[in-house]
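Let's have the full structure, built from the sequences with the hints guiding it.
Same order as they appear, the protein sequences are chains A and B. Following our numbering, the numbering of the first sequence begins with 0 at its first residue and continues without gaps. Following our numbering, the numbering of the second sequence begins with 10 at its first residue and continues without gaps.
Be careful, since some hints might not be right.
To be verified - Straight-line distance between alpha carbons at most 20 angstroms, and here's what the computed SDA-like set of lysine to any residue pairs gives:
id, chain 1, residue 1, chain 2, residue 2
1, A, Lys167, B, Ser62
2, A, Lys134, B, Phe56
3, A, Lys137, B, Lys35
4, A, Lys167, B, Asp58
5, A, Lys167, B, Gly64
6, A, Lys134, B, Asn33
7, A, Lys137, B, Phe56
8, A, Lys137, B, Glu34
9, B, Lys35, A, Lys5
10, A, Lys5, A, Lys167
11, A, Lys167, B, Phe60
12, A, Lys137, B, Arg59
13, A, Lys137, B, Gly64
Don't read these hints as lab results, they were simulated from the structure.
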Amino acid sequence: MILSVKELREIAKTIRINVVNALLNAGSGHLGGSLGLTDIFTALYFHELKYDPKNPKWEQRDRFVLSIGHVAPVLYATLAQAGYFSTSELSSLRKLGSMLQGHPAISHNVPGLETTAGSLGQGLSIAVGMALAAKHQKAGHRIFSILGDGELQEGSVWEAAMAAGHYKLDNLRVIVDRNRVQIDGSTEDVMGVEPLVDKWKAFNWNVLECNGNDMSDILKILNEARELEGKPVVIIAHTKMGAGVPEIEGDYKWHGKAPNKEQANSFIKQIKGV
Amino acid sequence: MEKRDNIPTRVGFGKGVKEAASRNEKVIGLGADITGSVNMNFFADAFPDRFYSLGIAEQNITGVAAGWALEGFIPVMATYGVFAAMRNTDQIRISLCYNNVHAIIGGAHAGISVGPDGATHQALEDIAIMRSLPNMTVLSPCDATQAEQAVQAAIEEINGPVYIRFGREAVPDFIPKGMNFEIGKGQTLIEGNDLTIIATGHMVWEALQAAELLRKEHINARVLNLHTIKPIDKKAIIKASTETGAIITAEEHQIMGGMGSAVAEILVSEAPCAVEFVGVKDTFGESGQPEELMEKYQLTAKYIVKAAYKALEKKNNERIN
Numbered sequence: 000m001i002l003s004v005k006e007l008r009e010i011a012k013t014i015r016i017n018v019v020n021a022l023l024n025a026g027s028g029h030l031g032g033s034l035g036l037t038d039i040f041t042a043l044y045f046h047e048l049k050y051d052p053k054n055p056k057w058e059q060r061d062r063f064v065l066s067i068g069h070v071a072p073v074l075y076a077t078l079a080q081a082g083y084f085s086t087s088e089l090s091s092l093r094k095l096g097s098m099l100q101g102h103p104a105i106s107h108n109v110p111g112l113e114t115t116a117g118s119l120g121q122g123l124s125i126a127v128g129m130a131l132a133a134k135h136q137k138a139g140h141r142i143f144s145i146l147g148d149g150e151l152q153e154g155s156v157w158e159a160a161m162a163a164g165h166y167k168l169d170n171l172r173v174i175v176d177r178n179r180v181q182i183d184g185s186t187e188d189v190m191g192v193e194p195l196v197d198k199w200k201a202f203n204w205n206v207l208e209c210n211g212n213d214m215s216d217i218l219k220i221l222n223e224a225r226e227l228e229g230k231p232v233v234i235i236a237h238t239k240m241g242a243g244v245p246e247i248e249g250d251y252k253w254h255g256k257a258p259n260k261e262q263a264n265s266f267i268k269q270i271k272g273v
Numbered sequence: 010m011e012k013r014d015n016i017p018t019r020v021g022f023g024k025g026v027k028e029a030a031s032r033n034e035k036v037i038g039l040g041a042d043i044t045g046s047v048n049m050n051f052f053a054d055a056f057p058d059r060f061y062s063l064g065i066a067e068q069n070i071t072g073v074a075a076g077w078a079l080e081g082f083i084p085v086m087a088t089y090g091v092f093a094a095m096r097n098t099d100q101i102r103i104s105l106c107y108n109n110v111h112a113i114i115g116g117a118h119a120g121i122s123v124g125p126d127g128a129t130h131q132a133l134e135d136i137a138i139m140r141s142l143p144n145m146t147v148l149s150p151c152d153a154t155q156a157e158q159a160v161q162a163a164i165e166e167i168n169g170p171v172y173i174r175f176g177r178e179a180v181p182d183f184i185p186k187g188m189n190f191e192i193g194k195g196q197t198l199i200e201g202n203d204l205t206i207i208a209t210g211h212m213v214w215e216a217l218q219a220a221e222l223l224r225k226e227h228i229n230a231r232v233l234n235l236h237t238i239k240p241i242d243k244k245a246i247i248k249a250s251t252e253t254g255a256i257i258t259a260e261e262h263q264i265m266g267g268m269g270s271a272v273a274e275i276l277v278s279e280a281p282c283a284v285e286f287v288g289v290k291d292t293f294g295e296s297g298q299p300e301e302l303m304e305k306y307q308l309t310a311k312y313i314v315k316a317a318y319k320a321l322e323k324k325n326n327e328r329i330n
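Quick look at the structure:
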């Protein structure tokens, strides 16, 4: 079933509300990045990826490797929305005994989760291993991964980028969450990552850009990426931390914060647009 | 025990990987540039379509190994122990151990016997770091024959991350062909009831020589080859303590955190006895011929004997008190 842009936007709203509520319940966690990536997660899980929530280990599924483990809330809310588990699980986020660890862990048996994440700079290497394994078996599935822009300061990301370019892993699609902020402030002040497009090109990647908070632009670029062959593809997705909640959009202070009750109510109203 | 020949343990590692790979097409080799030096070339030459060169990038190789393993393959990566265990420790911790995937890390050039390359290339802390990681199995075979067995067991009998440590130099190959190798089970190579030398890796041969020297002095030393440092053979260690009352540990590794520490952890809580440690004493190595370094850093049979006398003295004093 192909969903319209309007339907996808509605799903994104539901996921955002679930993220806010999950963080309110948890009392800690990363709101800004989770909201900023919600449109991309929605486009991936409700437009692009092949998977079967009733058979999470289906061999032909597309693999999704989240590298920035701290946006676990949007991953969990999306997996729940996609039918891997009940949305009621989200209220256990970050609590003792929960499968929903502060950073995602396969040791806790989260249906649909491909790998543990939380230490920055490791996801792309894992995705490269999976992409090599897929090519080795001549399997047709693809490997998607989301990296943060601050994460690109980790040197191992570029080791992995070099390997993906070397092996021409065109079954690999990476989305860089270019929200331009990190905990200490602007990425370009903390440790500049520009020129980003040139960097990836120099590592032998196809480079695309999109507005990561504009559903139709995301779909357009994902469709375009599908046609590219011979090189791995990176999409630099320009996003706003806290997107969907005008009051906190672009504010890096919301990177690692959870809302209180009052804030959550206000944020949810803003998401609903009322 | 008699030695048949002098062979580097890395040769046994390389042979074992190739043998296991010939029985299982899921075994994948990941190269870190020094493929010949760590004898992964045996595998790469036999199975070129299953060997992926990834260059001098240990952090990435470790993550890539995790990716393969998550897809049901058994990746084997090998480089010098200093890089295989320490350049990429966080990737080992999270991508391999926390994911609890079946991947083999070969750490070559372990110990001070690496020789002229000097301290940068002498892995002396790898056991301490690797054994502290949950889900990790740590193997330290004593000769080429055992290295060949150990890596095959790691590939065929374990379902999690494994670190295997082996050396550069040609060392005595003495483990009888066909001797049973079981992960987690130490091997009593010589029986004795006056004291026990627990040794691992290259130091097992030195321990055998030390036992020989002690026998001339009418001291019967037991020699326990602890080829598996994790999971550790508690039973054999406790038995050694209760039956011999004095233990000397010997390893080509820092005393701090190494195999001796692992043994002491068991002894202190389960069966205290007199203990002496032979190993590197909180210092870096340096360049020199392997035998010169083993002498300078006090890692030969002679120093095991010295430690044995100290342990015996403590044991006897405890009895008098």
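Structure-based check of each hint:
{"no.": "1", "hint": "A/Lys167 x B/Ser62", "result": "holds (14 angstroms)"}
{"no.": "2", "hint": "A/Lys134 x B/Phe56", "result": "holds (16 angstroms)"}
{"no.": "3", "hint": "A/Lys137 x B/Lys35", "result": "holds (14 angstroms)"}
{"no.": "4", "hint": "A/Lys167 x B/Asp58", "result": "holds (16 angstroms)"}
{"no.": "5", "hint": "A/Lys167 x B/Gly64", "result": "holds (15 angstroms)"}
{"no.": "6", "hint": "A/Lys134 x B/Asn33", "result": "holds (19 angstroms)"}
{"no.": "7", "hint": "A/Lys137 x B/Phe56", "result": "holds (17 angstroms)"}
{"no.": "8", "hint": "A/Lys137 x B/Glu34", "result": "holds (15 angstroms)"}
{"no.": "9", "hint": "B/Lys35 x A/Lys5", "result": "violated (45 angstroms)"}
{"no.": "10", "hint": "A/Lys5 x A/Lys167", "result": "violated (36 angstroms)"}
{"no.": "11", "hint": "A/Lys167 x B/Phe60", "result": "holds (16 angstroms)"}
{"no.": "12", "hint": "A/Lys137 x B/Arg59", "result": "holds (13 angstroms)"}
{"no.": "13", "hint": "A/Lys137 x B/Gly64", "result": "violated (24 angstroms)"}
Comparing the model with each earlier hint shows violations of hints 9, 10, 13; every other hint is respected.
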